[in-house]
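Trainee: Sequence:
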Amino acid sequence: MAIDFADRLRSTKDVLVMMSATQTLLTQECGKPMEDHLSGWIITHPEEFQNTIRRTFEAGYDMLHIGTQASSPFRTKRFGLRDKVYELNYKSAKLAREVTPENHYIAGLMSSTNPDWLEPVGNMTYKEVYDGYQEQLAGLLDGGVDLILISGNHLDETLIAIKAVRDKSDIPIIGAAAYYAGKKGFRTMTGADPITAAAKLQEAGVDVVGFMCGLMTKSRNHAEWYLGATVLLKELRQGTDL
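Taking our numbering, the leading residue of the sequence shown gets 547, the next gets one more, and so forth.
One or more hints might be untrue.
[To be verified] Computed spacing ranges between beta-carbons, pair by pair:
1) GLU593 - ASN669: 18 to 28 Å
2) GLU681 - LYS780: 36 to 46 Å
3) ASP629 - MET580: 39 to 49 Å
4) ASN597 - LEU773: 35 to 45 Å
5) ALA567 - ASP662: 40 to 50 Å
6) VAL667 - GLY731: 15 to 25 Å
7) GLU581 - LEU555: 14 to 24 Å
8) ASP560 - GLY626: 36 to 46 Å
9) GLN784 - VAL561: 15 to 25 Å
10) GLU593 - GLY690: 11 to 21 Å
11) PRO579 - GLU644: 23 to 33 Å
I should point out that these hints are in silico values taken from the structure, not numbers from a laboratory.
Bear in mind that the values here come from a model prediction, so they are computed numbers and not experimental data.
Ideal Cβ placement from N, Cα and C applies to all residues, glycine included.
Using the sequences and the hints given, assemble the complete structure.
Mentor: Next up, the structure:
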């Protein structure tokens with residue numbers, strides 16, 4: 547029997563494995579040029595995208611994101627795709643939905659506003675950021691994603707994105723920030739520690755708290771990254787009971 551992502555979270559203790567290297571796979575194995583806009587490439591190469599999704603689930607993953615991190619009004623401008631925000635998100639979600647097996651899940655990915663940022667770090671107002679995220683969200687919801695993954699470098703932008711989603715939908719949200727190791731331990735780009743960040747994400751209305759690629763240590767030794775990630779997870783746990 548099919549069970550949706552929200553029910554899976556609430557009624558089971560299943561450990562779900564998510565594949566997040568969508569762009570890496572499409573670049574390395576399908577020939578996507580690094581400089582091309584990801585969603586723009588996806589909707590013009592639907593077969594390659596859908597085959598990658600099939601192979602991902604066949605490999606044993608439970609969920610994946612559909613590579614829409616740069617498909618917001620903020621990040622499509624430089625690619626000349628500002629007027630295609632809805633189409634990029636809708637078609638990416640719909641293509642993924644068509645080949646996703648029962649009890650597997652696809653996440654629409656919303657991310658930072660760069661190259662500009664929310665003021666005072668950048669020049670964007672709260673309303674500009676909020677409205678931009680809602681514009682992107684419309685295509686993702688209509689395309690049929692199971693959940694929204696919101697991740698980025700700027701915690702305040704992430705919180706705005708969460709509100710933009712919650713004001714429109716009760717769809718499950720994973721909220722994640724990038725953390726960087728420094729003299730004071732792990733911090734986000736804007737200086738929040740993991741405990742504070744996790745508490746703010748939960749308060750904003752996420753269903754899952756996580757973290758994304760940042761800099762676990764200054765070492766290139768991945769074994770040290772594992773240790774850093776373990777420390778970070780323990781700190782995040784102190785800030786949330788999700």
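Trainee: Evaluate each hint against the coordinates.
Mentor: Now for the hints, and whether the structure bears them out:
1. Our hint of 18 to 28 Å for GLU593 and ASN669 is violated, since their Cβ atoms are close to 40 Å apart.
2. Range check, GLU681 to LYS780: Cβ separation about 37 Å, and the 36 to 46 Å hint holds.
3. Roughly 24 Å separates the CB atoms of ASP629 and MET580, a value that falls outside the hinted 39 to 49 Å.
4. Our hint of 35 to 45 Å for ASN597 and LEU773 holds, since their Cβ atoms are close to 36 Å apart.
5. Hint check: ALA567 to ASP662, Cβ distance near 27 Å, so the stated range 40 to 50 Å is violated.
6. Between VAL667 and GLY731 the beta carbon distance is about 21 Å. The supplied range of 15 to 25 Å therefore holds.
7. In this structure, GLU581 and LEU555 break the distance hint of 14 to 24 Å, their C-beta atoms being roughly 37 Å apart.
8. Taking 36 to 46 Å as the suggested C-beta distance range, the pair ASP560 and GLY626 conforms, at roughly 42 Å.
9. For GLN784 paired with VAL561, a C-beta distance near 21 Å keeps the hint of 15 to 25 Å intact.
10. Range check, GLU593 to GLY690: Cβ separation about 19 Å, and the 11 to 21 Å hint holds.
11. For the pair PRO579 and GLU644, the supplied restraint of 23 to 33 Å holds, since their beta-carbon distance comes to about 25 Å.
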